[in-house]
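What follows is the residue order along each chain.
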Amino acid sequence: MDATLAGHLQELRRGTVVVASLMVLREPGYGYSLLETLSAAGFEVEANTLYPLLRRLEAQGLLTSEWNTDDARPRKFYRTTEQGDALADVLTAEWGRLDKAITDLDTTTGRMK
Amino acid sequence: MTSLIDRYVYTALRRVPEQQRADIDRELRASIEDAVDARVDAGEEHDAAVTATLTELGDPDRLADSYAGRPGYLIGPALFTPWRRLNVTLLSAVLPLVVGIVVVIQVLDGSTFGEVIGAAVTTTLTVGVQMLFWTTLIFAIIERTGAAKDKLRVPWSVKDLPRYEPNRMPVAQLAMSLVWPVLLIAALIWQQFSFSDVPVLDPANWSFWWPYFIAVLLLQCAYHVWVWRLGTWNRTVTAVNAALQLASAVPLVWLLATDRFFNPEFHQFAKVGAESDVKHWLSVLIIVITVVGTAYDIADVARRGERVRRGLPVKVTGSGGGYSYGG
Numbered sequence: 000m001d002a003t004l005a006g007h008l009q010e011l012r013r014g015t016v017v018v019a020s021l022m023v024l025r026e027p028g029y030g031y032s033l034l035e036t037l038s039a040a041g042f043e044v045e046a047n048t049l050y051p052l053l054r055r056l057e058a059q060g061l062l063t064s065e066w067n068t069d070d071a072r073p074r075k076f077y078r079t080t081e082q083g084d085a086l087a088d089v090l091t092a093e094w095g096r097l098d099k100a101i102t103d104l105d106t107t108t109g110r111m112k
Numbered sequence: 000m001t002s003l004i005d006r007y008v009y010t011a012l013r014r015v016p017e018q019q020r021a022d023i024d025r026e027l028r029a030s031i032e033d034a035v036d037a038r039v040d041a042g043e044e045h046d047a048a049v050t051a052t053l054t055e056l057g058d059p060d061r062l063a064d065s066y067a068g069r070p071g072y073l074i075g076p077a078l079f080t081p082w083r084r085l086n087v088t089l090l091s092a093v094l095p096l097v098v099g100i101v102v103v104i105q106v107l108d109g110s111t112f113g114e115v116i117g118a119a120v121t122t123t124l125t126v127g128v129q130m131l132f133w134t135t136l137i138f139a140i141i142e143r144t145g146a147a148k149d150k151l152r153v154p155w156s157v158k159d160l161p162r163y164e165p166n167r168m169p170v171a172q173l174a175m176s177l178v179w180p181v182l183l184i185a186a187l188i189w190q191q192f193s194f195s196d197v198p199v200l201d202p203a204n205w206s207f208w209w210p211y212f213i214a215v216l217l218l219q220c221a222y223h224v225w226v227w228r229l230g231t232w233n234r235t236v237t238a239v240n241a242a243l244q245l246a247s248a249v250p251l252v253w254l255l256a257t258d259r260f261f262n263p264e265f266h267q268f269a270k271v272g273a274e275s276d277v278k279h280w281l282s283v284l285i286i287v288i289t290v291v292g293t294a295y296d297i298a299d300v301a302r303r304g305e306r307v308r309r310g311l312p313v314k315v316t317g318s319g320g321g322y323s324y325g326g
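Just so you know, the sequences run in chain order A and B.
FYI, numbering that gives the first Met the number 0 numbers position 44 of the first sequence as 43, with every residue one higher than the one before it.
FYI, numbering that gives the first Met the number 0 numbers position 257 of the second sequence as 256, with every residue one higher than the one before it.
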């Protein structure tokens, strides 16, 4: 049963990390800082998922990146592009719609109120 | 000595495309060091913090796949269905045909019983494995390159549903029932004119019996097409089937029993054991198979005809066991 639950939770959470990352990175941030922010905000995300994801979003033109070498440790900073911003808005709207649709469902019979 | 972090980064980068390596190297190191620092700040020892951070990052090969965007499977869900359909066809229809041809060639070549069985088993294994391997390889390449991927994803429509009409033979079954007489005719002609200098079967019978058998086998082909087009089983079918079966079985048994079947000049049987013994037992074996096979076939067709006549449920062809129509 635990495996079933874990599977369904994973299905449900898939995609939320993308929305969250695009929203958080409206302010530039680097890999580890984003990981910290997301887990503090309650998103369960693994480092080995997030780091490749950032590069994939960059390749899709939703993020841009820049190396910051001012600090002792050079870090790659990501920032959401205009395109990424627009996509985040669409996804957030969809999330809101789904949330409303689920809330509107009568929980005992599954029928519309 | 290379540090644990170095070893981790090198292992992961080994499987990442060359042009991305330098960038990922810098970024991955910075991320690992950030995480280690955070753990040390929280009071962990440095070495323990490194181990914990790398353990959390997990298998470097998997991380590399993720960076490179490589799928973690050989054939994805989009191509799995056409892959399975093709392999089912190859293994259930093409493989038996290939094995059948090999067996016929072996028999005509004068091989011993053991050799024929051996050839059948090795052909089944090698050809089967080859079929699976090459289709899988080609599908895996298509999966990775994406070439022709759309063409393989044939859109499905309700027209593709099998008909499942009771009493009706699927075309595949018709084809299979035609293959056997055609193979026998080919074998009969082939053994006379090629493979060995001395034909296996008595050439004296070309004056009447061998042409007669060819004619009966052709009639059996016509019978199968007729039943297929008729789309049902009845008493006429039962009678015609029985007549055709007996027309080939009775003379065959008679030829074998009176020792007029095999060519007296054919001495390859001596390879297996005493020639007269081998010939005798082979004749008995063929007689038994013929009698049992003929009896079963006549009874089976008669039984079907009777069930249809009485309106009893008939097994739906092609739907697998245990599912009846019209009950």
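I should point out that these hints are in silico values taken from the structure, not numbers from a laboratory.
Do not rely on the hints blindly, as some may be mistaken.
To be verified - Looking from chain A toward chain B, a few residues come up when the C-beta cut is under 8 Å (computed):
hint, residue
1, A2
2, A5
3, Y31
4, N47
5, R54
6, R55
7, A71
8, R72
9, P73
10, R74
11, F76
12, R78
Remember, it's a predicted structure, so these values are computed and weren't measured experimentally.
Even for Gly, the Cβ is constructed at its ideal location relative to N, Cα and C.
Could you check the structure against the hints above and give me the numbers of any it violates, in ascending order? Result: hints 1, 2, 7, 11, 12 break, sorted rising.
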